[in-house]
Amino acid sequence: MSVDLMTVKHIAHLARIALNEKEAQYMSEELSAMMGLLEQLDEIDIENVVEPMTSVTSMRLRMREDVITDGNNAEDVIANAPVKEENFFLVPKIIE
Amino acid sequence: MNDLTSLTIAEARNRLKRREITAVELIDAYLEEIGKGNAKINAYITVTKDQARSMAAKSDVLLARGEGRLLEGIPLGIKDLFATYNVHTQACSRILDGFKPRYESTVTANLWAEGAVMLGKLNMDEFAMGSSNETSFYGPVVNPWRRKNSAAALVPGGSSGGSAAAVAGHLCAGATATDTGGSIRQPAAFTGTVGMKPTYGRCSRWGIIAFASSLDQAGPIARDVCDCAILLKSMASFDVKDSTSVDLPVPNYEDALGKPIKGMKIGIPKEYQIDGMPKEICQLWDRGKECLKEAGARIIDISLPHTKYALAAYYIIASAEASSNLARYDGVRYGLRIPGRDMIEMYENTRSAGFGHEVKRRILIGTYVLSSGYYSAYYLKAQKVRMLIKRDFDQVFKQDIDAVLTPATPSVAFEIGDKKLMQDPIAMYLNDIFTVSVNMAGLPGLAIPAGLSTEGLPLGLQLIGRPFGEETLFQLGYVMEKACGTFSPKKWW
Numbered sequence: 028m029s030v031d032l033m034t035v036k037h038i039a040h041l042a043r044i045a046l047n048e049k050e051a052q053y054m055s056e057e058l059s060a061m062m063g064l065l066e067q068l069d070e071i072d073i074e075n076v077v078e079p080m081t082s083v084t085s086m087r088l089r090m091r092e093d094v095i096t097d098g099n100n101a102e103d104v105i106a107n108a109p110v111k112e113e114n115f116f117l118v119p120k121i122i123e
Numbered sequence: 061m062n063d064l065t066s067l068t069i070a071e072a073r074n075r076l077k078r079r080e081i082t083a084v085e086l087i088d089a090y091l092e093e094i095g096k097g098n099a100k101i102n103a104y105i106t107v108t109k110d111q112a113r114s115m116a117a118k119s120d121v122l123l124a125r126g127e128g129r130l131l132e133g134i135p136l137g138i139k140d141l142f143a144t145y146n147v148h149t150q151a152c153s154r155i156l157d158g159f160k161p162r163y164e165s166t167v168t169a170n171l172w173a174e175g176a177v178m179l180g181k182l183n184m185d186e187f188a189m190g191s192s193n194e195t196s197f198y199g200p201v202v203n204p205w206r207r208k209n210s211a212a213a214l215v216p217g218g219s220s221g222g223s224a225a226a227v228a229g230h231l232c233a234g235a236t237a238t239d240t241g242g243s244i245r246q247p248a249a250f251t252g253t254v255g256m257k258p259t260y261g262r263c264s265r266w267g268i269i270a271f272a273s274s275l276d277q278a279g280p281i282a283r284d285v286c287d288c289a290i291l292l293k294s295m296a297s298f299d300v301k302d303s304t305s306v307d308l309p310v311p312n313y314e315d316a317l318g319k320p321i322k323g324m325k326i327g328i329p330k331e332y333q334i335d336g337m338p339k340e341i342c343q344l345w346d347r348g349k350e351c352l353k354e355a356g357a358r359i360i361d362i363s364l365p366h367t368k369y370a371l372a373a374y375y376i377i378a379s380a381e382a383s384s385n386l387a388r389y390d391g392v393r394y395g396l397r398i399p400g401r402d403m404i405e406m407y408e409n410t411r412s413a414g415f416g417h418e419v420k421r422r423i424l425i426g427t428y429v430l431s432s433g434y435y436s437a438y439y440l441k442a443q444k445v446r447m448l449i450k451r452d453f454d455q456v457f458k459q460d461i462d463a464v465l466t467p468a469t470p471s472v473a474f475e476i477g478d479k480k481l482m483q484d485p486i487a488m489y490l491n492d493i494f495t496v497s498v499n500m501a502g503l504p505g506l507a508i509p510a511g512l513s514t515e516g517l518p519l520g521l522q523l524i525g526r527p528f529g530e531e532t533l534f535q536l537g538y539v540m541e542k543a544c545g546t547f548s549p550k551k552w553w
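Keeping their order, the protein sequence lines are chains A and B.
Taking my numbering, the leading residue of the first sequence gets 28, the next gets one more, and so forth.
Taking my numbering, the leading residue of the second sequence gets 61, the next gets one more, and so forth.
Hints should not be assumed to be uniformly reliable.
Unchecked claim - Derived lysine-lysine pairs resembling DSS-like cross-links, with alpha carbons at most 27 Å apart: (1) B:LYS301 to B:LYS325; (2) B:LYS542 to B:LYS480; (3) B:LYS450 to B:LYS325; (4) A:LYS36 to B:LYS420; (5) B:LYS479 to B:LYS420; (6) B:LYS330 to B:LYS301; (7) B:LYS551 to B:LYS208; (8) B:LYS77 to B:LYS208; (9) A:LYS49 to B:LYS480; (10) B:LYS319 to B:LYS77; (11) A:LYS49 to B:LYS420; (12) A:LYS111 to B:LYS160; (13) B:LYS118 to B:LYS96; (14) B:LYS479 to A:LYS49; (15) B:LYS160 to B:LYS301.
Calculated directly from the structure, the hints in this document are not laboratory data.
These figures come from a predicted structure and were not determined experimentally.
Make the full structure from the sequences, and use the hints.
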């Protein structure tokens, strides 16, 4: 199955990656080639065969006490922010 | 390579303990080698010289008191995927521009708690996506190995290319690495080093920048089997901060070395005999079987019938998880920000400028296979195939097979900038054809050098074990190493 230009632009927007025309064209070709590989799986009849894997080890997620284990480190949290003011991340205006 | 940097971890450990050398001398010897060689090999993207010297000085104090810990004074390189406190941590991506974490990964914290010393951060494929280390924002790593009578620059493999090259070139005594589809084992095979991808859950993933969380696992790359066993002992732990970390005691892997392998059953999967595999690799595989047989193991033909589908299922699952994990890089909380007219445009501009082509392609594949209408055709089906792949291994281990022996890679190291591979991503992905199943099934895999090609390049074999069967793999690997030897490149840098 080929992944056309429209589809590439749509998923690029979903993934929040800006692509120019040339990149979109290139991606369309590469993704189409990739789909060829992925469609190998169509050879296997698995509809009624198995459950999909949810965990590679037969383990259950551990539970823990519902208590505060971390916090009060705002300075560490914002230490790497590209733009900040006091203890806040600064972003472009969202609400008019 | 000088006298001190030629020591293995085991040898350095003993000489440090006996005070024949000091940790500072050892660190300075490595820093000197890095100073001379790194401009050509490009294994390190950051050298933490002052930190290394001060860590080594502390080690010397403890060693003098006879209080040295397991890795006291041992100089290590750390893959850029591991968060290291206040030190460059970017997964070799531009999108994490300037990122210096205020926390330490569990694996590196474990190493420092045993006295190891950090030399610096190692180059890798961007976000661990690649098989040649050519997708790094910091440029490719050059393999310390060259073909006979050739000066052509070869790749060290990937994604842990910096780790493998630094170990092979004696720019560190050992290195941390990670493996999602072969990223420890393939570079180990390309550089004549020993690499262990442990069982899923053996090493904590906490503080390791995530690529595909259900497949990622940290492990060591070292110059020989013993060093690899020493490093894994300290890297592995149970960690409550990683919900998939397994609460099992960590064995002393070194104890497994030298134990007889008589009567062990080694499975040889017929599906790994692929069309067009170079003759040298077939011969290497045969030599591996012979050497285990001579040591008393039984060689048994087995079948892993879904091997053929592993690569396709892997690329669906890994890309899907990557698209989800990498959604966090949005220019708000850390790293690069490229402004835009509004929030969405800022996200799009930041991610467009911050991610390289390979990473973008995988995010797009992942977004596509998870998007509305395609989820069951791709992702759900891939997870079912993953179950079948795991069942194949379960069946084999039910037949009392102790380990599976396969080639590690379908070829030797190729040239940097190989046109065919650059233009055909699928040809590049085929590098991982022998390694991805192991991640899909969560099993341990050891890559071990077993010989040289006629061109003089290292060739590696892979041993696959039962869940938490790392000791068996080290035990077998040690026997193979005794028979095949260890391999070092001729210094040209």
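How the hints compare with the structure:
Of the pairs offered as hints, the one joining B:LYS301 and B:LYS325 is violated, with about 37 Å between alpha carbons and a cut-off of 27 Å exceeded. For the hint linking B:LYS542 to B:LYS480, the alpha-carbon distance of about 37 Å lies beyond 27 Å, and the restraint is violated. Of the supplied pair hints, the one linking B:LYS450 and B:LYS325 holds, its CA atoms being roughly 19 Å apart against a limit of 27 Å. Our distance criterion of 27 Å between C-alpha atoms is met by A:LYS36 and B:LYS420, whose separation comes to about 13 Å.
As the CA atoms of B:LYS479 and B:LYS420 are separated by approximately 20 Å, the hinted pair is consistent with the 27 Å bound. Annotation: proposed proximity of B:LYS330 to B:LYS301 is violated, straight-line Cα distance about 40 Å (limit 27 Å). At most 27 Å may separate the alpha-carbon atoms for a hinted pair to count; B:LYS551 and B:LYS208 meet this at roughly 13 Å. For the hint linking B:LYS77 to B:LYS208, the alpha-carbon distance of about 39 Å lies beyond 27 Å, and the restraint is violated.
Annotation: proposed proximity of A:LYS49 to B:LYS480 holds, straight-line Cα distance about 21 Å (limit 27 Å). For a cut-off of 27 Å, the pair hint linking B:LYS319 to B:LYS77 stands: about 26 Å separates their Cα positions. Pair hint A:LYS49 plus B:LYS420 holds up; C-alpha atoms about 14 Å apart against a cutoff of 27 Å. For the hint pairing A:LYS111 with B:LYS160, the CA-to-CA distance comes to about 16 Å; that is within 27 Å, so the pair holds.
Straight-line distance between C-alpha atoms of B:LYS118 and B:LYS96 comes to about 26 Å, which keeps the hinted pair within the 27 Å bound. For the given pair, B:LYS479 sits about 20 Å from A:LYS49 by alpha-carbon distance, which is consistent with the 27 Å threshold. Simply put, B:LYS160 and B:LYS301 have alpha-carbon atoms about 20 Å apart, close enough for the 27 Å limit, and the pair holds.
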